[in-house]
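Construct the entire structure; sequences and hints are all you get.
Residue numbers (our numbering), protein chains in the order written: chain W, 3 to 267; chain X, 79 to 411.
The hints are simulated quantities; they were obtained by calculation from the structure and are not laboratory data. Just to be clear, a hint being listed does not mean it is correct.
[To be verified] Each computed DSSO-like pair below joins lysine-lysine, with the alpha-carbon atoms no more than 27 Å apart:
no., chain 1, residue 1, chain 2, residue 2
1, X, Lys170, W, Lys89
2, X, Lys167, X, Lys277
3, X, Lys269, W, Lys261
4, X, Lys167, W, Lys99
5, X, Lys114, W, Lys89
[Said to hold, decoys possible] Here are the in silico distance ranges between beta carbons for each label pair:
no., chain 1, residue 1, chain 2, residue 2, range
6, X, Lys167, W, Val231, 48 to 58 Å
7, X, Gln233, W, Gln48, 32 to 42 Å
8, X, Glu222, W, His90, 24 to 34 Å
All figures in this text were calculated on a predicted structure; none of them were measured in a lab. No residue lacks a Cβ here, since even glycine has one placed at the ideal position from N, Cα and C.
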Amino acid sequence: MRLFWSFARQSFQSRAMYRFDFWMEIISVFFSIYAVYWIWNTLFAQSPGSFEISLAQMTTYAVLGMAMETIFLPWIGPQVYISEQMKHGLLEMDLMKPVDFQFHLFARNAGETFFRFFLLFIPTLLVSAYFFDFKLPATFLDGAYFLVSVFFAYMILFGLNFLMGMISIVTINIESISWAYQGVLRFLSGQVVPLWMFPASIAGVLAVLPFQSIYYVPISLYIGELQGVDAVRAIAIQAVWVVVLMGLGRFVWSRIYSKMMVQGG
Amino acid sequence: MMIKVENLVKEYKLQNRKEGLKGTIANLFNPSFTVKRAVDDLSFEIKEGELVGYIGPNGAGKSTSIKMLTGILTPTSGTVEVNGIVPYKNRKANAQHIGVVFGQKTQLWWDVPVIDSLVLLKDIYKISDAQYKKNLNLFNDLLELHEFQNTPVRQLSLGQRMRADLAAALLHNPRMLYLDEPTIGVDIVAKEKLRNFIKEINQDQKITVILTTHDMGDIEKLCNRMMIIDHGKMIYDGNVDQIRRTFGMERMLVVEFEEELADFEVPNTKHIRSEGKRKWFQFHRLQTTPSEIITAISSRYSIVDLEVVEPEIEEMVRNIYNGELVSEEVSEG
Numbered sequence: 003m004r005l006f007w008s009f010a011r012q013s014f015q016s017r018a019m020y021r022f023d024f025w026m027e028i029i030s031v032f033f034s035i036y037a038v039y040w041i042w043n044t045l046f047a048q049s050p051g052s053f054e055i056s057l058a059q060m061t062t063y064a065v066l067g068m069a070m071e072t073i074f075l076p077w078i079g080p081q082v083y084i085s086e087q088m089k090h091g092l093l094e095m096d097l098m099k100p101v102d103f104q105f106h107l108f109a110r111n112a113g114e115t116f117f118r119f120f121l122l123f124i125p126t127l128l129v130s131a132y133f134f135d136f137k138l139p140a141t142f143l144d145g146a147y148f149l150v151s152v153f154f155a156y157m158i159l160f161g162l163n164f165l166m167g168m169i170s171i172v173t174i175n176i177e178s179i180s181w182a183y184q185g186v187l188r189f190l191s192g193q194v195v196p197l198w199m200f201p202a203s204i205a206g207v208l209a210v211l212p213f214q215s216i217y218y219v220p221i222s223l224y225i226g227e228l229q230g231v232d233a234v235r236a237i238a239i240q241a242v243w244v245v246v247l248m249g250l251g252r253f254v255w256s257r258i259y260s261k262m263m264v265q266g267g
Numbered sequence: 079m080m081i082k083v084e085n086l087v088k089e090y091k092l093q094n095r096k097e098g099l100k101g102t103i104a105n106l107f108n109p110s111f112t113v114k115r116a117v118d119d120l121s122f123e124i125k126e127g128e129l130v131g132y133i134g135p136n137g138a139g140k141s142t143s144i145k146m147l148t149g150i151l152t153p154t155s156g157t158v159e160v161n162g163i164v165p166y167k168n169r170k171a172n173a174q175h176i177g178v179v180f181g182q183k184t185q186l187w188w189d190v191p192v193i194d195s196l197v198l199l200k201d202i203y204k205i206s207d208a209q210y211k212k213n214l215n216l217f218n219d220l221l222e223l224h225e226f227q228n229t230p231v232r233q234l235s236l237g238q239r240m241r242a243d244l245a246a247a248l249l250h251n252p253r254m255l256y257l258d259e260p261t262i263g264v265d266i267v268a269k270e271k272l273r274n275f276i277k278e279i280n281q282d283q284k285i286t287v288i289l290t291t292h293d294m295g296d297i298e299k300l301c302n303r304m305m306i307i308d309h310g311k312m313i314y315d316g317n318v319d320q321i322r323r324t325f326g327m328e329r330m331l332v333v334e335f336e337e338e339l340a341d342f343e344v345p346n347t348k349h350i351r352s353e354g355k356r357k358w359f360q361f362h363r364l365q366t367t368p369s370e371i372i373t374a375i376s377s378r379y380s381i382v383d384l385e386v387v388e389p390e391i392e393e394m395v396r397n398i399y400n401g402e403l404v405s406e407e408v409s410e411g
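Structure (structure tokens):
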């Protein structure tokens with residue numbers, strides 16, 4: 003736990019050092035939000051009746067999808083750290099520390115994400131509420147579901163990213179796979195287009211994949227699209243994915259680790 | 079006993095890559111391997127508080143054996159024990175009481191100021207506030223850490239980075255310190271500082287040190303014991319003075335003349351080579367002295383410059399390995 007705070011504090015300090023980056027990031031998020039906001043406004047103006055939800059719900063969905071990228075940012079994940087350490091031959095330096103490897107990476111990433119939640123995500127939402135009709139959740143329960151769900155979504159994303167990191171240990175370079183992975187993630191997670199707009203066959207496949215748990219589930223809970231039993235079930239499925247992916251990550255790591263122990267790093 | 083290594087063996091399985099399409103398919107279905115023995119039946123013991131120089135040519139098996147001592151590599155056979163712990167079976171427990179500095183690698187985080195890395199290490203090793211403060215003061219005194227503690231690691235000079243890495247390795251008061259080429263690429267002044275620091279913590283805190291280096295100066299200044307390995311085998315384990323006495327007899331005098339000269343002989347020396355206006359003479363420490371040689375030469379030719387070259391550690395190792403310089407004293411230790 004101390005390690006987690008330590009990484010959060012360090013993120014804060016390095017963020018303070020790279021102030022320019024910080025502002026650039028804020029600006030680029032607002033560009034994305036502005037773009038999706040107008041796309042949905044235009045679409046609704048063209049054919050108001052063809053969407054299942056209201057314009058306000060839709061723009062809130064779209065804004066939230068973009069804003070969440072400030073905490074689910076692809077290039078701060080454990081896979082980036084692992085592949086950097088691999089490239090410089092530094093992974094063994096991490097192994098010489100008296101901490102569990104997966105936990106170390108989790109603390110590192112969670113610390114930074116925690117920092118981003120308060121300094122990027124929340125301010126982005128506040129500004130969006132003012133300029134882009136971003137609405138508060140309809141009920142207190144929707145908001146509470148959302149927070150729990152975002153936490154699980156983060157854990158799922160970490161689990162997937164950690165597995166990507168494991169791939170980078172084997173292949174050393176993950177840049178090409180990484181692009182494909184980011185694309186798949188953005189599309190299949192429902193970050194940009196809500197999953198209920200997909201054809202039923204694709205939506206059926208997505209339902210058994212972990213990706214929708216990352217963006218689609220928390221955002222749908224927020225706008226009240228998932229209610230009651232559906233909401234609880236979606237969160238339960240998230241929890242299962244957390245356990246499965248974390249466990250799988252541990253398993254794969256232990257295999258790779260024992261191979262490294264025999265064959266050298 | 080701090081370290082106990084018995085009959086340590088490490089073999090790597092290397093896949094033979096066959097060329098061409100047929101070869102690639104053959105590799106997939108019927109891979110063939112060669113076994114490379116990187117460490118071959120190594121046995122030694124190191125007492126608490128010793129400062130041991132660990133040398134050998136590149137690829138001799140130094141890093142492989144250090145990796146087994148630090149617990150990130152499993153031996154093929156044999157036993158390793160560090161402070162009562164088997165490192166590869168208990169990596170985390172072992173990590174808690176060892177410190178590591180690898181000259182070519184850093185354990186500090188690249189993008190953040192040195193002090194931030196140290197704060198993180200404080201939490202990783204669960205170091206108490208008091209101990210952290212005390213050690214930081216010590217590093218300020220001896221390594222002048224405060225001069226660059228707020229600079230990100232990527233902006234440090236090599237000497238500073240090495241000092242910062244030493245601080246990082248010692249922050250948790252390890253009982254055992256592994257130094258792998260800690261002075262590589264560092265200028266003379268900084269090198270001297272690093273050596274003094276290593277000496278000091280070894281003497282004051284009784285930290286056991288294994289020092290891998292190619293720099294004979296490091297060994298001479300710091301170590302009383304030296305282990306030499308080659309092809310994974312221990313070929314010398316003993317005291318440093320003795321190896322100098324035994325193997326450091328051959329020295330070299332390099333003389334630069336005013337003009338290019340034909341080769342000539344000087345009593346008690348061996349003319350090794352000539353290059354332009356310079357000539358190399360090898361001599362034995364007991365047979366003659368540099369001043370005798372200089373007198374003999376300068377009576378006939380005018381000398382512009384000269385230099386006495388001490389034998390290189392690599393050369394000594396090569397000589398020892400080739401069996402040219404084996405003496406009965408070697409068996410000690």
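Each hint, compared with the structure:
no., hint, result
1, X:Lys170 / W:Lys89, "holds (24 Å)"
2, X:Lys167 / X:Lys277, "violated (31 Å)"
3, X:Lys269 / W:Lys261, "violated (37 Å)"
4, X:Lys167 / W:Lys99, "holds (14 Å)"
5, X:Lys114 / W:Lys89, "holds (25 Å)"
6, X:Lys167 / W:Val231: 48 to 58 Å, "holds (49 Å)"
7, X:Gln233 / W:Gln48: 32 to 42 Å, "violated (54 Å)"
8, X:Glu222 / W:His90: 24 to 34 Å, "holds (27 Å)"
Taken one by one, the earlier hints fail for this structure at numbers 2, 3 and 7, listed in ascending order.
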